[in-house]
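Place chain B with the ligands on chain A using the hints.
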Amino acid sequence: MAAVTLSQVRKAFGSTEVVHGVDISIDDSEFCVLVGPSGCGKSTLLRMIAGLEEISSGRIEIGGRVVNDVAPKERDIAMVFQNYALYPHMTVSDNMGFSLKLAGRPLQEIRSRVDEAAQILGLREYLERYPRQLSGGQRQRVAMGRAIVRKPQVFLFDEPLSNLDAKLRVQMRTEIKELHQRLRTTSVYVTHDQIEAMTMADKIVVMNMGKVEQIGSPLELYDNPANQFVAGFIGSPAMNFLPGRINGAGIDIGEGIRVPVPAGATVAAGREVVVGVRPEHLAVGADGLPATVVVVEPTGADTQIFCKLAGTDITAVVRERHEFHPGVPIRLTAQLTYLFDPASGARLA
Amino acid sequence: MHRLLNNRNALGMLFMLPAAALLVVFLTYPLGLGVWLGFTDAKIGRTGEWVGLENYEFLWGDSVTRLALFNTLLYTVAASVLKFFLGLWLAIILNQNLPFKSFFRAAILLPYIVPTALSAIAFWWIFDAQFSIISWVLTRLGLIDRYIDFLGDPWNARWSVIAANVWRGVPFVAITLLAGLQTISPTLYEAAAIDGASPWQRFWHVTLPLLTPIIAVVMTFSVLFTFTDFQLIYVITRGGPLNATHLMATLSFQRAIPGGALGEGAAIAIAMVPFLLAAILFSYFGLQRRAWQQGGTDR
Ligand SMILES: Nc1ncnc2c1ncn2[C@@H]1O[C@H](COP(=O)(O)OP(=O)(O)OP(=O)(O)O)[C@@H](O)[C@H]1O
Ligand SMILES: [Mg+2]
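In order, the protein sequences belong to chains A and B.
First residue of the first sequence: 0, per numbering that gives the first Met the number 0; consecutive thereafter.
First residue of the second sequence: 0, per numbering that gives the first Met the number 0; consecutive thereafter.
Think of the hints as simulated: they come from the structure by calculation, not from any bench.
Any given hint could be a false lead.
Chain B residues, not near chain A, derived (Cβ > 10 Å throughout) [stated by the list, open to error]: (1) Leu89; (2) Ile112; (3) Arg139; (4) Arg145; (5) Gln181; (6) Pro208; (7) Ala215; (8) Gly258; (9) Pro273; (10) Leu275.
Derived DEER-like restraints, expressed as beta-carbon distance ranges [claimed, not checked]: (11) B:Pro98 <-> A:Glu16: 21 to 31 Å; (12) B:Phe202 <-> A:Gly38: 31 to 41 Å; (13) B:Tyr283 <-> A:Glu60: 34 to 44 Å.
Ideal Cβ placement from N, Cα and C applies to all residues, glycine included.
Just chain B, with the same shape it has in the complex:
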């Protein structure tokens, strides 16, 4: 017993037990249940029979599911890329010595702290066919003569929800990258300036490489949250028009709860897991681990 307590590994395991128990109860159980349901034909009010891969086979051929997968990928890629560039740009601006710096830093967080449902409703109005402020301003400026049908046209609707997601997600990216920027010692920039680096070269050779680990973490989270987004879509479009904005998450919910097909809904949700895992592995192995961060042990 004494030796066990002195063993670092054994002790580590011991200390992880409480956390592991919580994970099992609140994470593994629902996940396991989901996986199980995905292999059954459970309906609401009826425990299902094991049907093997039948749900997945059906979904593979289901055009709405395929569309939802396409929508999800587009939504994730487009929103993440936009969030990254906008967030980085904002972070760099906020990292300068501008007047009212702390005010702007606080203000930028606003979209993030407003409850999603609330901001979704605001976007619903912004994109409304008759009351859209965007259409109103553009007509006033004489740039368009007919109100834009933001949510009625499939592609307009897709870009509209992407815009809403970007608006909501940028603060998280910007603030995290700002924190990352602030860990970079200003003398490195001075050294680079003396070494002859232009501002752009300083960004490229100093800022970006030193920021990469944080970019990797924040973008992984951003991709995960975007890929699994539900609230914005559900409030703004409910997946419409013509399923053009249905994401895997919204479709899964729709099939399972209002549609009653628990097994099928669960299967859609489980189908998201491989994508999420791929994103995590890519970020972990591709971006986060840097030899220069590892100290003296890796050589």
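In isolation and in its complexed conformation, chain A is listed as follows:
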């Protein structure tokens, strides 16, 4: 097990830089999730940690050792690929034992370690099968098995669950988390699914366009987003954003509707701002901001209300059951609001 540190890591393909100076430090036995929209450079970053992609500049350390010029196999890492990358011509047990075989371990040891991993992952019955003869979820487990038999210092996962159906994804999510709690191996996990990030991570790194937007624990990011991007990315359904202008103790958001300035915020009067409010922080009541219902989606546990407020589409999530019909006026109260700078997206309050 080992800590992983990235300092000012950059990556350019030809003349286009896709990772612009990233600093991340991942503690020993931490589960770190890199999350961000498609194309933001998550996979590239992970592949640089794995040694599959060269680092244009900066430094990567694994367990205190700078690995910039170390070959993948010398880095003591294991990786689970999005398409699993199982060797089609090897049985499950050969797939899992391949790295040990290459390392020249005695047959006896290979067998017992493969068995142990198969036991953990529930693959005992499938050891003699070929990858083609397995379901997607089983292949996924084999890929994990291949990683754990080696007992590496770091696990790298590149969207390992994205090829599975929703139910299996939730199940595997839990299994991976359990596995981590059991093995305590430092893990770097890439996903574009913020729910996966929230549920699995000790530490989340939110990336956007090749830059780190914020690093923190799931709840830190949820409670204290550093900017509008993180605020909009973390949390589901996403935070509502309403453009407005500071006017005394309130913010004009159009159509003569005013929202109070969050307590303790010091923002100059007349300044353009973006008000952010999470759907779950909106309450329906007898008074508050006037909105019009567009669509109501009950999910059982709670109800999502899509409505229009001052010309902007917003979402509210409420626990109580309402019988709203489209077009009905309702009143919403925001229990918690954030303020962002419209130009830079930086958090103001």
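Okay, now just chain B with the ligands, sitting in the frame of chain A:
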């Protein structure tokens, strides 16, 4: 009738009929005629009498036929082995990210698209006793002092025609193997690299096993074409010197058409069939069928 049309097997048979008819007309008939002629003493201009195995008995004792068989086996084995290694090597090089990749990929096909007769004539010049460019270059470099008699000496002639066959056959092998290499997902190599495989181990444990089915197919074809080769030999040496480069195919033609002994020629050609069948069966059962390709049904 309706039930018949719903039966997969019956329907399959029905759809195969046109192809089967073509095969009968253009393949089975000539083959059958050949087999029949092999059992007769037919000459040109005279339909033969049934003579049973007489032709084969004669050929078994005929030293030229035996030599031709030896030549054919040597030609096939040597050329196929060389084509395989050269082709694989070229395919691997072409599969790398080199500059002007598509140009090289196209250029490599050149020997294959030039008509055989034309390239054979070119080789005839290359191997000419007086005008050989190889001899000329080697003398210029001071490596030899006398021109090499490529086609006059039996062993020189054998290796010369093998070289010509290899030159002509390599593109087919290389391009087919290149296509095979491109079906191998690059993430497998990345996974292997992380698993600790050296480049050589990646080739041995990933590339080669995944390529085996395609190698089997391409080498079967290559062996069949080489074993039955005719044009190159006929243009470059006509089987000479002293029958040293006569192959079964050229000998069969020579006995049958210029020599007029249709029955004997046919018998030589038919004698090739068991070898070809053996090659096909070996490749099919030995190399092509892999459990990992068969999906979930075989276990
Ligand atoms: N080999 C390459 N050559 C050129 N550009 C590349 C290469 N690989 C990736 N890129 C570019 O780098 C950027 C980041 O790619 P990357 O694969 O890291 O994204 P990602 O965050 O993993 O996205 P996704 O969630 O879709 O997997 C993209 O804009 C992509 O086009
Ligand atoms: Mg990716």
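10 Å cut-off, C-beta based - Arg145 (chain B) kept clear of every residue in chain A: holds, 53 Å
Interface exclusion of Pro273 (chain B) relative to chain A, criterion Cβ beyond 10 Å: Given that every Cβ of chain A is farther than 10 Å from that of Pro273 (chain B), nearest at about 32 Å, it holds.
Outside-interface status for Ala215 (chain B) - nearest CB in chain A farther than 10 Å: holds, 14 Å
Minimum Cβ distance from Ile112 (chain B) to chain A greater than 10 Å, as the annotation requires: Label holds. Min Cβ-Cβ 34 Å, cutoff 10 Å.
Whether Leu275 (chain B) stays farther than 10 Å from all C-beta atoms of chain A, as the label says: With a cut-off of 10 Å, Leu275 (chain B) remains clear of chain A, as the shortest Cβ separation is near 29 Å.
Range hint 31 to 41 Å (beta carbons of Phe202 (chain B) and Gly38 (chain A)) holds or violated: Given range 31 to 41 Å: holds, Cβ gap about 33 Å.
Cβ separation of Pro98 (chain B) and Glu16 (chain A), checked against the hinted range 21 to 31 Å: Given a distance of about 23 Å, which is inside 21 to 31 Å, the answer is holds.
Leu89 (chain B) and chain A, when compared Cβ to Cβ, separated by more than 10 Å: holds, 24 Å
Status of the stated non-contact between Arg139 (chain B) and chain A (beta carbon gap over 10 Å): holds, 45 Å
Status of the stated non-contact between Pro208 (chain B) and chain A (beta carbon gap over 10 Å): violated, 4 Å
Least C-beta distance from Gln181 (chain B) to chain A larger than 10 Å: Fine: 15 Å to the nearest Cβ keeps Gln181 (chain B) off the interface.
Hint check for Glu60 (chain A) and Tyr283 (chain B) - Cβ pair distance inside 34 to 44 Å: violated, 54 Å
Hint violations for this structure: numbers 6, 13, all remaining hints satisfied.
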